[in-house]
Every structure is written in C-alpha cells, then in structure tokens.
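Assembly of the complex is requested from the two constituent chains, each provided in isolation within its own frame, with the hints serving as guidance.
Residue strings, one per chain:
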Amino acid sequence: MPKGSVLVVGGGISGVQAALDLANSGFLVHLVERTTAIGGKMSQLDKTFPTNDCSACILSPKLVECGRHLNINLLTLSDLVSLEGEPGNFKAVVRQRPRYVDPTKCIACGLCAEKCPKKVTNDFNMGIGKRKAAYLSYPQAVPLKYALDPAHCIWINKPGRCGVCAKECPAGAINFDDTARDHVLEVGSVVLAPGFSRFNPTPLDFTGYGRLPNVVTTMEFERFLSPSGPCMGHLERPSDGKEPKKIAWLQCVGSRDINRAGHPYCSSICCMFALKQAVIAKEHSHGDFEPSIFYMDMRTHGKGFENYYTRAREEGVHFHRARVHSIIPSPDNQGNLKIRYVNEQGKVNFEEFDMVVLSTGLEPYRHTIELASMLGLELDADNFVRTDSFNPVATSRPGIYVCGAASEPKDIPQSVVEASAAAAEASRILAPVRWTETSKKVYPAEQNIYAQAPRIGVFVCHCGINIASVVDVAAVSAYAGTLPDVVFSQANLFTCSQDTINQMISIIKEQDLNRVVVASCSPRTHEPLFQETLRDAGLNKFLFEMANIRDQDSWVHQREPEKATTKAKDLVRMAVARVRGEGALPYNTVAVTKAALVIGGGVSGMTSALAFAEQGYPVTLIEQSDMLGGNGRKVFRNWKGVEFLPFINDLTARVASHPHITVKYNTEIKEASGSVGKFSTTFSDGRTFEHGVTVMAVGGEPYKPEGQWRFLHGVNPNVHTLLELDKKFIDDDPTLKNIKQAVFIHCVGSRIAERPYCSRVCCTHAIDSAVKLKEMNPDMDVFMLYRDVRTYGQRERIYQEARAKGVVFIRYDLERLPQVSEKEGRLIIKCHDPIIDAHVVIQPDMLVLATAIQPRRQSSTSLAKFFKCAIDSQGFLMEAHMKLRPVDFATEGVFLAGLCHYPKSMEESIAQAKAAAARASIILAHDAVPAESVTAVVTAAKCTGCGLCTEVCAYNAVSLDDNGISVVNTSMCKGCGACVAGCRSDAVTLKNIGNEQIMATVDAAFE
Amino acid sequence: MTSKTNETSQTNWEPKIIAFLCNWCSYAGADLAGVSRFQYPPNIRIVRVPCSGRVSENMILSALKSGADGILVSGCHPGDCHYISGNYFARRRFALLGNLLDFIGIEPGRVNFSWVSAAEGEQFAEVVRTVTEKVKELGPATRLVKKIEAMQAA
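If you're matching them up, the sequences are chains A and S in order.
If you read the first sequence in our numbering, its first letter stands for residue 1, the second for the next number, and so on.
If you read the second sequence in our numbering, its first letter stands for residue 1008, the second for the next number, and so on.
Hints were generated in silico from the structure; no laboratory data involved.
Note that the coordinates shown come from a computational prediction; the quantities given were computed from them, not determined experimentally.
Each hint can be trusted.
Straight-line distance between alpha carbons at most 35 Å, and here's what the computed DSBU-like set of lysine-lysine pairs gives:
id: 1; chain 1: S; residue 1: K1072; chain 2: A; residue 2: K563
id: 2; chain 1: A; residue 1: K594; chain 2: A; residue 2: K670
id: 3; chain 1: A; residue 1: K774; chain 2: A; residue 2: K347
id: 4; chain 1: S; residue 1: K1023; chain 2: A; residue 2: K563
id: 5; chain 1: A; residue 1: K942; chain 2: S; residue 2: K1072
id: 6; chain 1: S; residue 1: K1023; chain 2: A; residue 2: K282
id: 7; chain 1: A; residue 1: K728; chain 2: A; residue 2: K830
id: 8; chain 1: A; residue 1: K282; chain 2: S; residue 2: K1143
id: 9; chain 1: A; residue 1: K594; chain 2: A; residue 2: K91
Non-contacting residues of chain A with respect to chain S, defined by C-beta distances greater than 12 Å in every case (computed):
id: 10; residue: T104
id: 11; residue: K115
id: 12; residue: H320
id: 13; residue: I828
id: 14; residue: A838
Where is the CB? At the ideal position from N, CA and C, for every residue including glycine.
Okay, chain S solo, but in the shape it has when bound (with noise of 0.2 Å):
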C-alpha cells in the first residue's frame, strides 16, 4: 500500500469519488455547505438518490467496476429517516457488504457511509475532507475495475 501512495503522489493523482446522497439530509447538507461556502475537495460526485435505503450493494460494486477510487453514502441520522426506517436498512445492508468488500480485497475505507443532516454543512464539508484524505492515502482503486491494464497505461 506505502508503496503505491509514493507512486501516485509522484503523478498527481486525484481519486474520484462517487457519493450516493439522499434527496433529504444529506444532499440537503450538500447544499447548505454551498451555501455557507464551506470549501471541500472536488474529488466527490454527487448522485441524488430518494434515501439511503435505495442504495443496494449491486450499485456500490458496480460504481467501483466503473472506477471508483472511493464511494459515500451518506443518509438521515438514526431516526431521522424522512421515509421512517430506510436508512436502517442501509445500515444493515453495509455492515454485511462490509464483510464481502473485506473477502475480495476491497480495503477498509474505500466505501464509506455517515450520517448527515439537513442542518449540517460543515459536517458533510468535514466528511468530504476525511473521505478524500483516506481514499488518497489508499492510492487508485484496480481490484474490480475492468479496464485496468488501459488505465495503467494512461
């Protein structure tokens, strides 16, 4: 691992991230970050999704297959869930992809997921920060994406 961060740090290497937001705490936290003018890494791409709990583990797979370096996602806080308990099921449902991601060499802290509120754009800022320092340290994710050799080569 030390050895691939010395390599991309040499190439200016900028991971991209991909964070499934839902529409209501946390994309909402996005905004207010903007609107406070909280600045963060540009490295994360925000795809707006009705609640956590539409996130499935095929979606997170497949976005690393694309050539994600790292993904977030991020819901309601425990009880906040504005569709009463999906972000619990997404809590679940990564606790279990966790243990997949671990078997087949995905490493920790490439999937991500936090909890933020509508009311919190310096948290979302602050996690956007965290993220992206930790998926920078861990280099270019190429264990599941397709085109690697090409990607390499580039």
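Okay, chain A solo, but in the shape it has when bound (with noise of 0.2 Å):
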C-alpha cells in the first residue's frame, strides 16, 4: 500500500499552493521550509501585475489556510537532507534547525525583539534597514512565531552575556538550549517548490551596484514601495532619503547575458516587474514623476500584459530600445547619476537620473542544486531542475514531482498552475489511499445567539497604504465604535493576517460579540476567510458582513480623501445595519456525484480526462469533430526539437482504450444545469450526463489574416501561416529544401487595436521554423519581421541558435508595416531596418505569417452560458482571479485549461490541463460539497397562493403544496431571490437577504 501523505518542499507560493490542493483532497502533507516563515518570494513583494493587487492580501489568505490547516504539518527552518525508496513509499528525513522560541509557548507579542540589543541587517527587506537578533521575518508571517538569529544572537555565541529576551518574554518561550532535530517521515510522493534566487549585479561593474547608493535592484526597490518596506510606502531613495522625480530601469541585467553574467535564457518576468514598478512609483509619487525603462524588446507575452504595456506608455512611461553603456555618478556629487546608452541609431546619448533600478534576473538557488544532486535529479544547462516537454512538472526521478520557477524562470500565475498540476501529479499513484492519513476538523459547538442582543464587532482595515493612503482609517474605526449596538471596533494594518485572525477569535470571545463587520476589501476574495474566523470563534459563519471600502472606495476615489472617508463611514454604517438583522443559518450540503466532464478533445482536454481516469473516477469527454487532437495535431515541434505528432497519437490512444473515459465525438451541448457537485448535462444526441465537475478546454483557432495584414495570403501561393508552413514540415515536403529566400513577418493580428494581446508562442514558434529550415538548407535567406522578440523562458535559446544560423532580425513598428507586393507572382517585401535607418527590399520564395491564436468566440460563449462563467472583451474565457486562481472560474465546480483561456505553448497547456484535474480533485475527492445557505423561505400565513414564485424560480425550487401554499425546497434553492421580488404578498423571503434588511441597509446610507 503506498503511503497518503506528500512532501512538499519548499513554502512560497508555489509549494503553498500544492500543499494546499492537496491537502484539501484527501492527504496528509509535510511542508518543509527553510527559513522561519512561509510565503516565499510573493510576501515580499508590494504590488503584483498586471491587476495591480496588493500581494500580501490575496497571498495572505492563502498563508492562513496553510498556518490553520489540520492536514499540513508546518515544518519551518528545515530541509530535506536524504530520501530513499520509491514513488508511493519514501523516506525522507527532515532536518529542523532550532528556532530558540517555542512555538507552542510565544504569543507574538514582540518583547523580545524590542528588548534585544543586537542590531543585525534586514534580510526581508533586501538588506535594507536593521531588524533585531530575536526578530519576526516580515509582520504577516506564517507561523507567527519570533525565532532567534543564531549567528547574531549574543547569548547562543557568548552563553551568559545577554539573554534579555529570556528575561523579557511573558510567556518564557524563549529556550536558549534548543537543538536540531531530524523528522523521518513517510510519504507516498515529494513535491518540490524551491524557488528561485535573484542575479547579484555587483561583478557587472558597469552599473555602479553595490557603489553608488542610488543604484538599487528591483527588489530592493520593491522593499521601498511596501508599506511594511523600511520606508514605509513613501518613495525615498537611498543616499539623502529625497524623493526621486527621475527613476530609470534597466532591464536584463544577469538574462539574456552570455558575456558577463553567464545567463543566456531570459528571466521572463522582469518586463512585466518593471512596468509596474514604473506604475505603481508614479502613484506613489506626489506631482511630476518621470519614469524610463532601457529594454532589448519588452516581453508582455501573458494574459493582460500587453494592455498594461498600453497603458503605462499612455501613463507617459518613457521607453528607451537600448543597452545601457555605463552609470557613473553626476559631476555635482548631489547623489544623481548620469546613464550612457546607445540608442537603436547608434548615437551615444546622456541622460541624468535621480535613482536607477536594475531589473535583475532570476538564477536557481545554490541550494537548490545541492539538493538536486543528493536526490539525483537532472538538471538543465541554466541548472535549473529539467522537467519533460510532455509532462511539465516531472522529473528525471519518479515520484518527485517540480513547480515553479526552479524549473523555469516564470511568473506567479504560471506557477499556481505548475503547482496544482505538481498536487495532480503526486496524487495520481495515491489516489486509492485518500483520507488515509488525515484528520477532520472539529468546530467548537456554536453558540445560541437567538436570544441575545446585536454586540457588533467592527475590524476596520489599513490595507497597508491601499486604504490608509485615501481614507483616514482611524476616523473610520473611531466613528464605527459610536454605532448602535456595536461594543468593539478596531483598525488593523493587514485585518487578513494570521495574527489579526488570531487577535479576531479571542476578542469575539472576550466581548462576547455575536455578530461581526470587517470593513476591508471585496467579499468576493475575503469573505470565506473571515467568516471561517467566525466558525473558529463559536460563532454561526452567516452572522458576518463586509463594508468594501478598498476596491469600491479608496481604490476609485484616490484624489478625493475626505469624501472617500465619508463614503467609508457610510459604508460601515450600512454594514452594521446589514449585520444587525441576520441570523444564524444552516450549513447545508450537496452529495458529489463522482463523475468528471470535459469539453474539448484536444491535448488540453485530453490530459485532464486522463488525470480524472487514472484516479478512477468515470470521465466523458466530448469533442465537436471525429477526431481527437484538435490544434496540436497541426504543430509540428516545440522550440526543444520534440515532435507532437507521436505523443498525440499515444496520447489519443490511451484516452481512447481508458475504461474510465467515454469519448462522444461530434458532439456539442445543448443543455446544462445544476452547480458545483450535481450537473446535469444534455448533449446533442439527447443524452443526459450527471458530473459532480466541468472542466473547459475548447480550445482556441488561429487567425485568418484579412484586410491589412493579409499580406497576399490566399492570393499567392508562396504566403503561408505558420501552420500551413507546419504541415510541410509534418508532410516532409521536398520543395522547401529549394527555397532560397525565406521571410517571416511576426505579430500578424496580434498586439493591434482589434486584439489588443501578446499571442505568446508565435515569436518562439516562428524562430524555430527558421531554424529547421536553415537546418534544411543551410544557405537559405531568413528574415524576421519583428516587433519585439519574445522567446520568454528558456526559449531564448531558439533566438540565439537563429541568430548564430545566419537568421536576420529586422524590427518594424506599426507606423512602418512591411509592405508585401507581387510581380509576375514573384513576391516582394519592402520594410525600412530601423538599424541602418534604410528602406529593404527583398524578393522571397516563400513568405510565412506568424498569425495571432484567438478564442473560439462562438462556442466559448454559449458554454460560458451554460455554465455561468465569465468572458473577457476578446472572447477568452476568464478565470477566478489571474494571479491566485489562474484555472478555476468563478463559478464552483467549473475549471479550465487551454487556449480557451489564452494562447499557450502545448507543454504550458498540459500543465493548466493537470490543474484544472487537480483543482476538480478537490470536489470529487469528498462526499458532499457545501451548499446554499441563503435559501427563500415562505411564511405559509401571508402566502395566497397566486403561484407567481414557482413561475420565476429558474430552479423548479419553489412549488405550491396540497393546500395551494408555497413551500420551497431548500436543496435546489440557489437564493437568488426571483421569488422574494416576484411575490405580492409579502409572503416570501430569502434568509439574511430579507426586505427589511435590504431597506434597513439602505435607510443608513443617509442617516
């Protein structure tokens, strides 16, 4: 039998988000840290692209969930020091290292490090600022525990010197004796989410790191615009603490370098890292603010990237397509600094800056690669952890599994996938051990606030500076505190975090409250949270609201203070007047049917059928042609050299024979009801489905190029696409060989007006065709076409074979489109070469458009009907949140993988497909799912019987009983409240969403 429980190792974002996926489907997981907190890199960060959402507040969540969950077992300060045996039976042995505080004992009150003598730099904060030998990583941390710095701390190098915190601590936590102690542990699979390191720039002399203070990292200057940073939130540069008007950014320092910094790949997120900070500086920033960012091509290759490209450069970020030369102070030593650059003309140009900031790339950690070598994994050139082009997140070792930018440099959104898909993969194996290891947990009993008056607790939150910055916080809270029937409030920096959580279950016992106000962010990402808080407090979860006073308030009013604190005000009134009538509310279940659909048969959809089979659980995958494959099956390799074609008839033939999975071939939907747990689905040929789950995968189609960027195609029979150029290359066609001349225009329909987005692969796919064909012929002609070359990731290699083949990069801008023209059916391509400022013309035999990869608008948005998910203004299907939910929709139950959601690359695709599996996992892997808790309930005496309710309810919820009255039935109630607006009499309501409470809420906006 194998063994059901996982390690996880390593606790940033990615290792949280695997612990958690899968913990919350039925394992027992050990989740190794090496330092004291977990949230990784994403807990140091200030804002996060391109939503612009403060990242300790949608990470913080997660950190709780992880901190409180009964089925991790948090092993911070330690790491993995040997594992032996195999896939569903380790052993691992964990070394933990003392933290000299016992956890169990310490309160978090901070004695200890207020007292403590010993001043030591602040490695949270980039080394920047000091913080203390006794010290709390960063104030959100997860376990809040203190911990001691053993190579400062006085007493552990000198015993009987110091010990003042010893002394100081009201709980006697601190244990100067503490030791090392090794776990052995059994697990059935081990999850690896080591991170990554960022390139130290101080050899790279050019830059002036490490001796002119005002030249700083990216990190570093992201510590600067925290609110929990050494400054506070306020912009202040380094060497006289002045704020900076005149900011400079230089991308790729420590990428794309072979020369100096040995880093040939690109770090793929440092585009997107800049362009925020260029942002979010500018808001920071008080009057003129002057934002530069020196780039090679700006890479805004992901969803939602391209438009904040658009708008920073509306925003009047300057953009400079330049290497920077040299950074050498100004003349007048008043700390400035003066930056020489080349620009694409080749004229050396000057220009003065208050502060530079150095896009610094990503490296694996040291660390990283030793643990790599004891556990005998493969690495890559770059040394990250080599994966397989078929299924992303293995390694060379079976049973250990890799997500995040160990194996890659990539953003947070790709990471939560790799993530989900890491928990998909190191479940398969374990699936028949579910719940074999873990423990349930137990709410302590509610208490009975039927009878008692409203005692209203109301928590209101700083946001760091999201809310504090706009609206006087304080005021807020103070005002709160004079409200009718509310005996507590309260204004905390992060309300979210686990010490303010913790802090917010014993005064709702200390004051006895019984019904609670956060006044925070949006209820749509927090409420679950809080009202989880409640639960922990003994208290009834429903007896709970939130006042939006970030996203509805202080975000969208920014330059009106003193009315957004009005608006602050009132909404908190409202709130309370909201929570006063609500009461206790049952927590009703839905029994899971065990069953998995999947729409779409392309390599999307047919990983994610494969990963429900293989748990065991029936899946139908339908498909709307007689073949499985879909797009995949018209590539013809990825930018490593691996042909599709072999793995997608393997793959077709393993989801074809799966007894689990039945494959309905030219097959649409035409009806689909029900919610997370029980959908029922028709299909086209009048069948009826019953799935506890939906996963959508329905992929994506190429453009066809029209109007201006047809470029002849269909008119001469030397234009081709991409594709079409792919299935010459699958037909092994002989003429290519023959072709002198060949000429690739990239970005065809992509990054304009009418597709305002980055189609991601086409750059990569592109390249590397002109690499087979110079493979083919190595004396053929290639030319790119570009406008940005975006091989992200380790793609850049692609580029760099090119150029070293012979390929020519030409860039063009979209005032100067190559102009594509025929002669006698010999095509000629004008272009003007930005570099020699000079018109071209060259007369090619083949031209090849890289066209754009859009959503298939039409059926995306009839099943975006069916199953109520959103759709964005280009007809890609739209997730949960893009940072943090990046494959599950809004909607329960319903998850997607694929180009339905942007385009992708196959292996990128697979991993989302894994994900989406796993995420669905989660509900398949329990017997019942939480149900509506808000239901209409009808008061028999008022009820005339007119029937009105039972013809609005969508549910057939609503019915009338033998005596004519209405009774709804409380299991298909989905509490949308049809009825209670339908009815003439008064006679229906809908529980905590009652008439009175709505007029109530309204009558206190003007009070």
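If you want it as structure tokens, here you go:
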C-alpha cells in the first residue's frame, strides 16, 4: 500500500498552493520551509501585475489557510537531508534547525525583538535597514512566531552574556538550549518548490551597484514601495532620503547575457515587473514623476500584460530600446546618476536620473542545485531542474515533481498552475489511499445567539496603504464605535494576516460579540476567510458582513480623500445595519456525483480526462469534431525539437482505450443545469450525463489574415501561415529545401487595437521554424520581420541559435508595416530597417505569417452561458483570479485549461489541464460539498397561493403544496431571490437578505 | 428643473445614489474598476444583492423615500445571469416601474438600469459617471422624501 501523505519542499506560493491542493483532496502534507516563515518571494512584493493587487492581501488568505490547516504539518527552518525509496513509499529525513523560541508558547507580542540589543541587517527588506537578532521576518508571517538568529544572538554565541529576551518574554518561550531535530517522514510522493534566487549585479561594475547608493535592484525597490518596507511606502532614495522624480529601470541585468552574467535565458518576468514598478511609483509620487525603461525587447506575453504595457505608455512611462553602457555619478556629486547609452541608430546619449533600478534576473538557488544532486535529479544547462516537454512537472526521478521557478523562470500564475499540476501528479498513484492519514476539523460548538441583543464588532483595515493612504482609517474605526449595537471597533494594518485573525477570535470571545463587520476589501475574495474565523470563534459564519472600502472606495476615489472617508463611514454604517438583522443559518450540503465532464478533445481536454480517469473517476469527454487531438495535430515540434505527433497519437490512444473515459465525437452541449457537485448536462444526441465537476478546454483557433494583415495570403501561393508551413514540415515536403530566401512576418493580427494581446507562442514558433529551414538548407536566407522578440524563459536559446545560424532580424513598428506586393508571381517585400535607417527590399520564395491565436468565440460564449462563466472582451474565458486562481472559474465546480484561457505553448496547456483536474479532484474527493445556505422561506400565513413564485423560479425549487400554499425545496434553491422580489404578498423572504434588511441597509446610507 | 439646478450648484450639493449590484457581474465589475484604479465620483453607495432579480419595486421606492437622489440597478448582461433568468425579470419589472415613476412625478434619469459584466471595470466607472452627472443635473429628489422640510431647512 502506498502512503497517503506527500512531502512538499518550499513554502513560497508554489509550495503553498501544492500543499493546499493536496491537503484539501485527502492527503496529509508535510510542508518543509527553509526559513522561519512561509510566503517566499511573493510576500516581499508590494503589488502584483497585471492587476496591481496588493501582494500581501491576495497571498495572506492562502498562508493563513496553510498555517491553520489540520492536514498540513508545517516544518519551518527545515531542510530535506535524505530521501530513500520509490514512488508510493519514500522515507524522507527532514532536519529542523533550532528556532530558540518555543512556538507553542510564543504569543508574538514582540517584546523579545523590542528589548534585543543586537541589530542585524534586515534580509527580508533586501538588506535595507535593520532588524534585531530576535525577530519576526515580516508582520504577516505564518507561523506568527519569533525566532532567534543564531548567527547574531549574543547569548547563543557567548552563553551568559545577554539573555534579555528570556528575561522579558512573558510566556517563557525563549529556549537557548533548543537543538536541531530530525523528522523521519514516510510519504507517497514528493513535490519540490524551492523557488529562485536573484542575480547579484555586484560583479557588473558598469552598473555601479554596491558603489553608488542610488542604484538598487527591482527587489530592493519593491521593498521601498511596500508599506511594510523600510520607508513605510514613501518613495525615498537611499543616499539622502529625497523623493526621486526621475527613475530609470535597466532591463536584462543578468539575463540574456552570455558575456558577463553567463545567463543565456530570459527571466521572463522582469519586463512586467519593471512596468509595474514604474506605474506604481508614479502613483506613489507627488507631482511630476518621470519613469524610463531601458530595454531590448518588451516582453509582455501574458494575459492582460500587453494592455498593461499600453496603459503604461499612455501614463507617460518612457521607453528606450537600448542597452546601457555605463552608469556614473553625476559630476555635482549630489547623488544623481548619469546613464550613457546607445540608441537604436547607434548614437551615444546621456541622461541624468535621481535613481536607477536594475531588473536583475532569476537564477536557481545554490542549495537547490545541491538538493537536486542529493536527490539524483537531472538539471538542464542553466541549472534549472530538468522536466519533460509533455510532463512539465515531472523530474527525472519518478515520484518527485517540481513546480514554480525552479524549473524555468516564470511568473506567479504559471507557478500556481504548475503547483496544482504537481499536486495532480503527486496524487495520481496515491488516489486509493486518500483520507487514510488525514484528520477532520472539529469546530467549537456554536453559541445560540437567538435571544441575544446584537453585540457587533467592527474591524477596519488599513490594508497597508491601500486604504489608509486615502481613507482616514482611524476616524472610520472611531466612528464605527459610536454606532448603535457596536460594542467593539478596531483598526488593523492587515486584517487578513494570521495575527489579526487569531486576535479576532479572542476578541469575539472576550467581547462576547455575536455579529462581526470587517471593513476592508471585497467579500468576493475575503469573505470565506473571515467566515471561517467566526466559526473558529464559535459563531455561525453567516453573522458577518463586509464593507468594501478598498476596491469600491479608496481605489476609485484616490484624489478625494475626504469624500472617500465619508463614504467609508457610510459603508460601515450600512454594513452594521445589515448585519444587525442577520441570523444563524444551517450549513447545507449537496452530495457529490463522482464523475467529470471534459469539454474539448484537444491536448488539454485529453490530459484532464486522463488525470481524472487515472484516479478512478468516470469521465465523459466530448469533442465537436470526429477526431481527438485538436490544434496539437497541426503543429510540428516544440522549440526543443521534440515532435508533437507521436505524443498526440499516444495520448489519443490512451484516452480512447481507457475504461473510465467515454469519448463522444461530433457532440455539442444542448443544455446544462445544476451546480458544483451535481451538474446535469444534455448532449446533442439527447443523452444526459450527471457529473460533479466540469472542465472547459474548448481551445482556440488561428486568426485568418485579412485587411492590411493579409499580405497576399490566399492570393500568392508562396504565402503561408506558420501552421501551413508546419504541415509541410510534417509531410516532409521536399520542395522546402529548394527555397533560397524566406521571410517571416511576426505579430500578424496580434498586439493591435482589435486584438490588443500578444499571442505568446508565435515568436518562438516562427524562430524555431526558421531554424528548421536553416537545418534543411543552411544556405537559405531567412529574414524575420518582428516587433519585439518574445522568446521568454529558456526559449531565448532558440533565438540565439537562429542568430548563430545567420537568420536576420529586422524590426518593424505599426507606423511602418512591411509592404508585400507581387510582380509576375514573385513576392516583393519592402520594409524599413531602423538600425541602418534605410528601406530594404526582399524578393523571397516564401513568406510565412505568424498569425495570432484567437478564442473560438462562438463555442466559448455559448458554453460560458451554460455554465455561468465570465468571458473577457476578447472572447477568452475568464478565470476567477488572474494571479492566484488561474484554472478556476468564479463559478464553483467549473475549471478551464488551454487556449480558451489564453494563447500558450503545449507544455503550458498540459500543465494547466493537469492543474484543472487537480482543482476539480478536491471536489470529487469529498462525498458532499457545501450547498447554498441563503435560501428562500415562505410565511404560509401570508401566502395567497397565486403561484407567481413557482413561475419565476429558474430551478423548480418552489411549488404549491396540497393546500395551494407555496413551499421551497431548500436543496434546489440557489438563493437568487427572484421569488422574493416577485411575491405580491410579501410572503417569501430570503434568509439574511430579507426586504427589511435591505431597506435598513439603504436607510442607513442617509443617517 | 433648471432653476433647481442653479440653486443646488451654488450650495455644493452632492447627490447620494444607491446602487443595487448583483453579486456575480456588476459587483465584480465594480471591484475590477477598483483593481484597475478607474476613478469615478464618490456619490454611490453600493448594496450587494445576489441578483438584479432580487431587487423589487418596493426597494426602489423605499430608497427614494429614505432620501436617495438617484438609484442604479445593475445586473449581468442578457443571457449571462448567474441565476439563468433573474436579470430578465429585473428588466421587465423596471420597464413597468418606469411608467409608475413617471406617473408620480419621478423624473426620468433618477432610476437607472444597466448591464455590467465582471470584466467591465471601465464600463462600470463610466456608468457611475453618467448616472452621477444625470442626477446632479436633476438636483435633489424631493418627491417622496418624508422629512422634506427638515431637509430644506438644513
């Protein structure tokens, strides 16, 4: 029998996500973190692109959930030191270093740090400012337990010399005799999420880093921006504390640099990172602010990124396509910096800045390389953990999986996708032993508040500076205290952090609160966390309201602080009025139908279907054509030179023959009803399928070149799209060898007003095709007409290879599109080369268009309606949260994968498809899921039996009984309230959203 | 109407507008406006309801009685309702209510209806700007307010 537990190494966002997915689907997780707290790099960020969400705010709920999870054994200050065994039965030894503070006793009062005499460089703040030798790495740390720094603590180094912390600690938690402990853990699978390190720019002397105080790295700058950072979110430069007015960002420091850094790859995230910092710094600054970005190619290839880039340009961020020669101090020695750079035309320029930020690249940690060698894992040429093209989270050793930036530089959404995919892989062979090592959460008994007068507590959040920089939080909190029935009010820096949550539990008990209001962000993201807190405190979770004073107040009235404060007070008053009328509701559940529906038979859909089937769940896979394989069949190979067709044929065969998978060809959906745990879908053949979860993988399609982007496609026989060229490669077309000259045009239909997004894969695809042509005929002249080369991550290698093979790259921009004409059947291409500033005419034998990828708007739209999912303005399906919920829909029980979400490579589609299956398996692993508690109720005495409610109910949940009186079937009611609004006699109401309550809320807006 | 507008513009009067937003589309759209930092006038007070179909005529009249100068009800686009058809009932209900409001002298433009999806942050901000502008033009709502004299004295 395999073991029902999993070891996760690394407590950054990837490790945390993998741990949560595994723990929530029935496995015991040992989460091993090297430092004193989980959170990783994401906890050090101020904001995250492209939504500008406050990083702490979106991360904190996950960390808190992890820290409080009954089935996650959190081992901080720990390292994996050995691993024996095989998939299903590993024996791991984890060495936990001493914390010197007993976590069971520490109450996180902070006295030890306050009294500690030893000041130490603050590594969480990237070395800016000081902390003490007794410390908490950051205010929202999970676990919220102090630690002593053994390298600097006076007592630990010279026993008997200090010991102030032990004297001061009111809980007696300091233990100088603490020692290292080895934990021997028997686990079924291992997931590695060790994260990444940042390139140290000190050796690059031309940057002045380390010598010139006003040259900093992006990570350091992030701490300057952060409200919990060394400057409390005020933009100040290191040398003199002056607010910088002109800042330059230098891209590719330690990336795409074979010469000095030895890092040939692109770090993938730095372009967006710099864009975000430029935009946020502009928000922070008072008055004039001039951000400039020096770059080679602007790589904004992710969902929502291109729009962000456009917005940054519109907001006045300057862009210089140039590599900087040197940074020198300004002659007046006042701290300013002079940048010397060469522009695209080869002219030397100087420009002076107040501060320079280096976009330092990502690299693997040294200890990750050691860990990989201990585990016997293969690394790639850049020392990242090697993975498989068709199993992007599998390492070279079976049973060990990897996610996040340890396998290639990548952004947070992609890391989260991989984390869930790794969870899917880790649990695949462990499916039979789910729930064998887990324990079940028991909540304290709920107090009966029925006869109690309301005692309301109000918690007002600063949200760092997100709210507090606009709204006067102290005034709002004080005002809340004066409202009727409010017996307690308090302001917090981050209400969602673990310490505040724990504090909230004790306050609810101490103050005997029976209703709670949190004035902070949106209930759509944070209500579940706070409701859980109420349950932990012995209150029914429905005795809760939120006042949205961030998303709907401070963020949208940034220039009107007084009015925003008045509005915040109004919103708090309204929430208090609303919560006053709330009562305890039952926790309803619905039994889960343990089967999955997967829509779309491409690589994503097939991968998801297999992931379900291998865990033993029956799957129906529907495909609208008569063949499985989708777009994948049309593409020749990936940039690593691995051909797709053998893989797809193998995958198709496995899917078609799997006993748990029913494939329905030529099938569409006619009708769908139900919700999470219990869907019922009718197909075009009239059959109905009952399933607990749905995965949408309906794919995308190539843009058909038209208008100014047509470039004689369909007119001249020598003009092809990339996929048409791939067909020739697949068919091994012998005529390709005879081509003497080929031209590729990039971005055909992408990054324009009608399609304002980057199609992500076409640069790599086009360049690899050029390389393939060069392989066939090294004498062929190949020209690439591009806008920015976006070979992100390790794909940069194929770009280097192409240039080494002599492929010529000529940049064009929208103002000067290449002109394509023909004369007697011969193609003539005219373009402008910005480097030599001259017109170029090419007469190639072949023109290849790298066309955009677009969603299948029609199928996406109709499916979105069936399953109530959101769709964005381009027709791509919209995930629940761009950063942290990249495979979920806001509608529970429905998930997405592949091109219907956004253009992506096949390995990214595979990862997302596995992730979708992992997320859906959390539901299938349970026998029942929570159902609607907010349901309609009828007051029989008022009902006249008119039956209007039965007509407006879309779920057939209301009917007339034998006496002609309306009754609600609670298990079918979704709580929309249509019957309530429709009732002529005020006989129906919605629990906790009754007419009186809404009207009281509205009334409260005018007091 | 014009005289009223002049009157109010002199006293820096700011209208208060109640917005009933459905949880799934318009409330999410309002959040997205925040996330995207689209700025709009601070006159609205949002009330989250499960569905625009939850909003009854009674609630609108009651809000006007409480002193709202304007009302916005916003739901999912036609066909996108999270509860299948609630927004259609809402639309029909407000078409009928419009006649009643007209009859009792509530000016067109005070009670507004819109569709805003979860992806339409800018549209949401734009709707709020337009509605606020319209209500400002109309001046304070006095027709149904109970404590009308007290309000005028203030």
